[in-house]
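Number of protein chains: 2
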Amino acid sequence: MNYPNKIKKEYHRNINYANRGMDLENIINEANLYYLEKDIALIYKKPTPIGVVKVSYENNKQVINKAYFATQSTLDYNGLYKGKYIEFDAKNTESKTSFPLNNIHPHQIKHIRNVIRHGGIVFLIIGMNNMFYLLNGPDLINFIDSNQRKSIPYEFIQKNAYLLEYNYNKGINYLTYVDLIGGFNNERK
Amino acid sequence: MNYPNKIKKEYHRNINYANRGMDLENIINEANLYYLEKDIALIYKKPTPIGVVKVSYENNKQVINKAYFATQSTLDYNGLYKGKYIEFDAKNTESKTSFPLNNIHPHQIKHIRNVIRHGGIVFLIIGMNNMFYLLNGPDLINFIDSNQRKSIPYEFIQKNAYLLEYNYNKGINYLTYVDLIGGFNNERK
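Heads up: the sequence lines are chains A and B, in that order.
Numbered according to my numbering, the first sequence spans residues 1 to 189.
Numbered according to my numbering, the second sequence spans residues 1 to 189.
Some clues are possibly wrong.
If several chains are the same, the list does not tell them apart, and a pair holds so long as it fits within one copy or across any two.
Computed list of lysine-lysine pairs in BS3-like fashion (alpha-carbon distance at most 27 Å, straight line) [what the hints assert, rightly or not]: (1) K110 - K170; (2) K110 - K46; (3) K38 - K110; (4) K150 - K54; (5) K66 - K54; (6) K54 - K91; (7) K46 - K82; (8) K61 - K150; (9) K46 - K61; (10) K159 - K54; (11) K45 - K61; (12) K61 - K91; (13) K110 - K91; (14) K82 - K170; (15) K46 - K91; (16) K110 - K54; (17) K150 - K110; (18) K96 - K82; (19) K110 - K45; (20) K150 - K96.
Simulated from the structure, these hints should not be mistaken for lab results.
Turn these sequences into a full structure, and let the hints steer you where they fit.
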């Protein structure tokens, strides 16, 4: 993978997100709100699916009295950017050396393959070693298909994923890299 | 709006969905499953958002003990079809003469405008008079912007929306009309 010079440089800025007490979901929500307010993109987190077991009524309003959290069979975030379909998920790992693939459910991997085949843009945002990386879906699938490993070495992520930057007002700048992987400009091969 | 002849003809097939006891959400889910299984499109219903009030643990598993249903600020269904972003909502009305616009929340109307502006395909599937119609987002917005009416007359829907057909195995054939509004082929102006 060839990075343009200006992106390579960003690898040297060592931003330690953990020190700022930032949570991956929060900073993505912050970015999505920024993109929405600036009319740059429409990207939303899907609600967590639940299985409702018991419902009652209070003042004519439905109240859920028993329910369980269910697993999303797609990815958590999707939306529209420059006319293109975007979908991604946020995954954290405590491991410093590799990203365990069991962080991604098999039906999510199948879904990632589907999105690629149907012409959408799909990726993961991985929180690891106090950094956030954008790993493009096709790179993830190539990794899975080309070897039997149960985790992605950190070196692979450093080499193949984009290091994201956090800005206090804008959240995390992931669409900058979607511009590259989505072929919206000619900065990359 | 000019319809090609083969679509006009479909208006004469009077399919009474109510007699078959069909529910709009079910037949859309059935269609989405058909599209998924045939690898035609990836379209999912978003989970209903809930506001969780109380959570406990049973055998190390989270149980929701109190929660409320919340309102979706976007539309209920979205996904990917032929590389394009698709979003829509299903709305039923009991009225035989007009579709009340208060069926659509103001934030949903704003969202429909957003999706159009960002190049996505957005529409409503309206269940009315035992029929199902696909009303394209720009036609809906034009109606709202060009007059002060609080409901869309049935005549407007009959004239401007596409009458959908139900097939026992395939659910409702809405993507046939998305092909037309999305400019995927040249069958329509």
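Exercise for the section: Go through the copies and call it for K150 and K110: within, between, both or neither, with a Cα cutoff of 27 Å. Expected result: within (16 Å within a copy, 44 Å between copies)
Handout entry: Within, between, both or neither, where K150 and K96 count as close if Cα-Cα is 27 Å or less
Key = Classified as within: same-chain Cα gap 15 Å, cross-chain 58 Å, threshold 27 Å.
Handout entry: Homomeric proximity label, K46 with K61: Cα distance no greater than 27 Å
Key = both (23 Å within a copy, 22 Å between copies)
Handout entry: Copy assignment of K46 with K82, given that the CA separation must stay at most 27 Å
Key = Classified as both; 20 Å inside a copy, 22 Å across copies.
Practice task
Can you give me the call for K110 and K170, within, between, both or neither, at a CA distance of at most 27 Å?
Solution key: between (32 Å within a copy, 22 Å between copies)
Problem - Identical-chain pair category, K150 with K54, by Cα at 27 Å - result: neither (39 Å within a copy, 36 Å between copies)
Problem - Within, between, both or neither: K159, K54 at alpha-carbon 27 Å - result: neither (49 Å within a copy, 43 Å between copies)
Handout entry: Copy assignment of K45 with K61, given that the CA separation must stay at most 27 Å
Key = both (25 Å within a copy, 23 Å between copies)
Problem - Alpha-carbon proximity between K110 and K46, which holds within one copy, between copies, both or neither at 27 Å - result: Both: 18 Å inside a chain and 18 Å across chains, each within 27 Å.
Problem - Within, between, both or neither: K96, K82 at alpha-carbon 27 Å - result: Answer is neither; intra-copy 35 Å and inter-copy 39 Å both fail.
Problem - Intra- versus inter-copy proximity for K170 and K82 (alpha-carbon distance at most 27 Å) - result: within (19 Å within a copy, 32 Å between copies)
Handout entry: Status of K91 relative to K110 across identical chains (alpha carbons, at most 27 Å)
Key = For K110 and K91, only the intra-copy Cα distance (17 Å) is at most 27 Å; the inter-copy one is 31 Å.
Violated hints, listed in ascending order, are 4, 10, 16 and 18; each of the other numbered hints is respected by the structure.
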